[in-house]
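A.B. asks: Single-letter residue listing:
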Amino acid sequence: MSSVYPTTEEILASLSELANAWRPLAIFWHLYFAAFVIALIYSFRPSKRVSCIILAMPFLSVSILAWSIPNPFNGTIFAVIGILLVAVSVKLPRESIQIAPLWAMIPGALMLIFGWIYPHFLDASSPLSFLYSAPTGLVPCPTLSMGIGLALILNSLVSRKVSLILGISGMAYGITGVVQLGVSIDWFLFLGSMAIMLFAFVGKQGIRSNFMGRTTRNHNVVPISHTMKGGVLFFVGSVQFMIALTIAEVLYPNYNLSTNPLSDLGAAVFQPSSNIFNGSVIIFGLKSLAYSSSSALTSQ
Amino acid sequence: MRGFKSKPLVAVLLLAGIGVAGVGILTETMLGPHLIFSFMAFFFSGLAAILSFKVINSPFKYIAAVLGIVALLALVLFVAGVDLGLGHGGIQRMIVYPALMWYLDFGANLMTRSFDIQEGTLR
Chain W
3 MSSVYPTTEE
13 ILASLSELAN
23 AWRPLAIFWH
33 LYFAAFVIAL
43 IYSFRPSKRV
53 SCIILAMPFL
63 SVSILAWSIP
73 NPFNGTIFAV
83 IGILLVAVSV
93 KLPRESIQIA
103 PLWAMIPGAL
113 MLIFGWIYPH
123 FLDASSPLSF
133 LYSAPTGLVP
143 CPTLSMGIGL
153 ALILNSLVSR
163 KVSLILGISG
173 MAYGITGVVQ
183 LGVSIDWFLF
193 LGSMAIMLFA
203 FVGKQGIRSN
213 FMGRTTRNHN
223 VVPISHTMKG
233 GVLFFVGSVQ
243 FMIALTIAEV
253 LYPNYNLSTN
263 PLSDLGAAVF
273 QPSSNIFNGS
283 VIIFGLKSLA
293 YSSSSALTSQ
Chain S
160 MRGFKSKPLV
170 AVLLLAGIGV
180 AGVGILTETM
190 LGPHLIFSFM
200 AFFFSGLAAI
210 LSFKVINSPF
220 KYIAAVLGIV
230 ALLALVLFVA
240 GVDLGLGHGG
250 IQRMIVYPAL
260 MWYLDFGANL
270 MTRSFDIQEG
280 TLR
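Which chain is which? The protein sequence lines are W and S, in order.
Residue 3 is where the first sequence starts when you use my numbering, and the numbers rise one by one after that.
Residue 160 is where the second sequence starts when you use my numbering, and the numbers rise one by one after that.
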């Protein structure tokens with residue numbers, strides 16, 4: 003008797019099928035994002051409402067394609083993401099978008115590039131094909147990467163809801179990609195999702211003060227302290243490491259807490275334990291590094 | 160917009176961060192560098208917990224110091240090959256868990272308290 007739930011192989015095969023069968027649509031989404039980014043470079047600043055709707059469209063595209071496979075799970079989730087973004091856009095102010103400070107633009111740009119060239123699922127004859135027809139707007143992870151990247155560049159539209167919608171979705175699909183589907187590059191999506199989640203978790207002050215404590219043109223707010231940001235980094239870093247450690251131990255065959263050292267989890271023999279453990283350790287280390295190095299640089 | 164006034168703590172946290180990230184980048188398959196980074200991560204995390212005694216207020220500073228001492232003692236036993244019946248993996252966890260608990264609680268502490276730059280203490 004066959005299961006009603008698709009196997010990992012079936013999910014991967016259906017995503018590959020989408021990525022290859024709908025290349026013209028992928029090219030369209032590349033042009034769509036390229037046009038928006040070029041417009042931003044040339045100082046075009048649409049309203050937050052319009053920008054949020056622009057962000058929502060690729061998610062609805064993923065939903066429609068997912069229903070066509072059919073993959074009701076992705077279809078439903080991405081329909082919900084798209085509809086939520088459109089619903090949030092209605093309540094956003096009509097004022098122009100603000101570009102994030104450089105430190106937030108860097109992870110945003112990296113996420114955007116990652117989604118743009120997402121090197122998976124496409125049967126490319128040449129690596130150059132990924133530059134214009136990677137499956138953005140077709141399958142979940144690259145679309146989330148592009149959306150999160152663009153949102154980071156746009157200072158998360160100064161909306162905690164936008165940060166939460168994209169951050170939670172990205173973390174869930176990042177973990178699923180790594181753990182269930184064995185797509186280790188999805189750690190990058192998870193990392194970017196955590197970056198945008200910080201926008202949500204540091205509170206309204208953080209959102210309104212460009213997350214760097216700088217007062218924006220439209221809001222007069224109290225700065226978020228460097229100390230609080232450090233606290234968030236240490237706290238989130240520890241929590242994600244504990245969760246990842248537990249998952250890695252569970253997935254490692256015959257893992258014994260007494261006889262196996264932690265480093266065994268990171269050896270590349272047993273996947274996905276290795277990807278989960280190493281990715282999580284690197285994230286934890288970088289968070290600690292980020293805070294302590296910025297403290298060192300700013301202390302006199 | 161300053162961080163800690165305590166430069167030793169910042170320096171030790173920096174070294175611990177390098178150690179932790181290094182453990183993930185250079186895995187067990189590259190044993191030599193992996194061991195060096197592991198030692199850095201364990202030692203400097205434990206040391207940071209003890210040094211935080213000067214930066215945070217009671218009662219948490221006492222808990223932080225105890226966690227740091229436990230982690231460093233376990234590190235000494237781990238290096239000496241004494242596992243106290245817990246096994247190689249078990250004694251290693253006696254280093255990692257206290258350090259991890261300290262990171263978690265230190266993060267929570269930083270999030271919920273304001274910071275006096277002049278005094279270099281949390282209040």
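Honestly, I wouldn't trust all of these hints.
Stated by the list, open to error - Within a straight-line C-alpha distance of at most 20 Å, the following computed SDA-like cross-link-like pairs (lysine to any residue) qualify:
#1 W/Lys93 with W/Ser18
#2 W/Lys93 with W/Lys163
#3 S/Lys166 with W/Ala292
#4 S/Lys166 with W/Trp189
#5 W/Lys163 with W/Leu291
#6 W/Lys163 with W/Asn258
#7 W/Lys163 with W/Leu247
#8 S/Lys220 with S/Leu236
#9 S/Lys166 with W/Ser98
Unchecked claim - Listing some non-contacts, in silico: residues in chain S with all C-beta distances to chain W over 10 Å:
#10 Gly176
#11 Val182
#12 Gly191
#13 Ile195
#14 Phe202
#15 Phe212
#16 Asn216
These are calculated hints, taken from the structure and not from any lab test.
This structure is a prediction, so every number in the text was calculated from the model and none was measured.
Where is the CB? At the ideal position from N, CA and C, for every residue including glycine.
A.B. asks: Beyond 10 Å from chain W, beta-carbon-wise, is phenylalanine 202 of chain S?
C.D. replies: Fine: 14 Å to the nearest Cβ keeps phenylalanine 202 of chain S off the interface.
A.B. asks: Measuring Cβ to Cβ, find out whether isoleucine 195 of chain S lies farther than 10 Å from everything in chain W.
C.D. replies: 13 Å, holds
A.B. asks: With a cut-off of 20 Å on the C-alpha distance, tell me whether lysine 166 of chain S and serine 98 of chain W pass.
C.D. replies: Roughly 42 Å separates the two Cα atoms, so the pair is violated.
A.B. asks: Keeping to a limit of 20 Å between CA atoms, is the pair of lysine 93 of chain W and lysine 163 of chain W held or broken?
C.D. replies: 11 Å, holds
A.B. asks: Please verify whether lysine 220 of chain S and leucine 236 of chain S have alpha carbons no more than 20 Å apart.
C.D. replies: Violated. Lysine 220 of chain S to leucine 236 of chain S sits at ~24 Å, over the 20 Å cutoff.
A.B. asks: Glycine 176 of chain S: least C-beta distance to chain W exceeds 10 Å?
C.D. replies: Per Cβ check, glycine 176 of chain S is inside 10 Å of chain W; nearest 3 Å; violated.
A.B. asks: Are the Cα atoms of lysine 163 of chain W and leucine 291 of chain W separated by 20 Å or less?
C.D. replies: 28 Å, violated
A.B. asks: Below or equal to 20 Å on CA atoms is what counts here, so check lysine 166 of chain S against tryptophan 189 of chain W.
C.D. replies: 33 Å, violated
A.B. asks: Taking 10 Å as the cut and beta carbons as the points, is asparagine 216 of chain S off the interface with chain W?
C.D. replies: Correct as stated: the minimum Cβ-Cβ distance to chain W is 13 Å, above 10 Å.
A.B. asks: Is it correct that the beta-carbon of phenylalanine 212 of chain S has no partner in chain W closer than or equal to 10 Å?
C.D. replies: For phenylalanine 212 of chain S, whose nearest Cβ neighbour in chain W is about 17 Å away, the distance exceeds 10 Å, so it holds.
A.B. asks: Compute the least Cβ-Cβ separation between glycine 191 of chain S and chain W, then decide whether it is above 10 Å.
C.D. replies: At roughly 13 Å from the nearest Cβ of chain W, glycine 191 of chain S sits farther out than 10 Å, so the non-interface label holds.
A.B. asks: With the threshold set at 20 Å, check whether the alpha-carbon distance from lysine 93 of chain W to serine 18 of chain W stays at or below it.
C.D. replies: Answer violated: lysine 93 of chain W to serine 18 of chain W is near 37 Å, above 20 Å.
Going through the hint list in order, the structure does not satisfy hints 1, 4, 5, 6, 7, 8, 9, 10 and 11.
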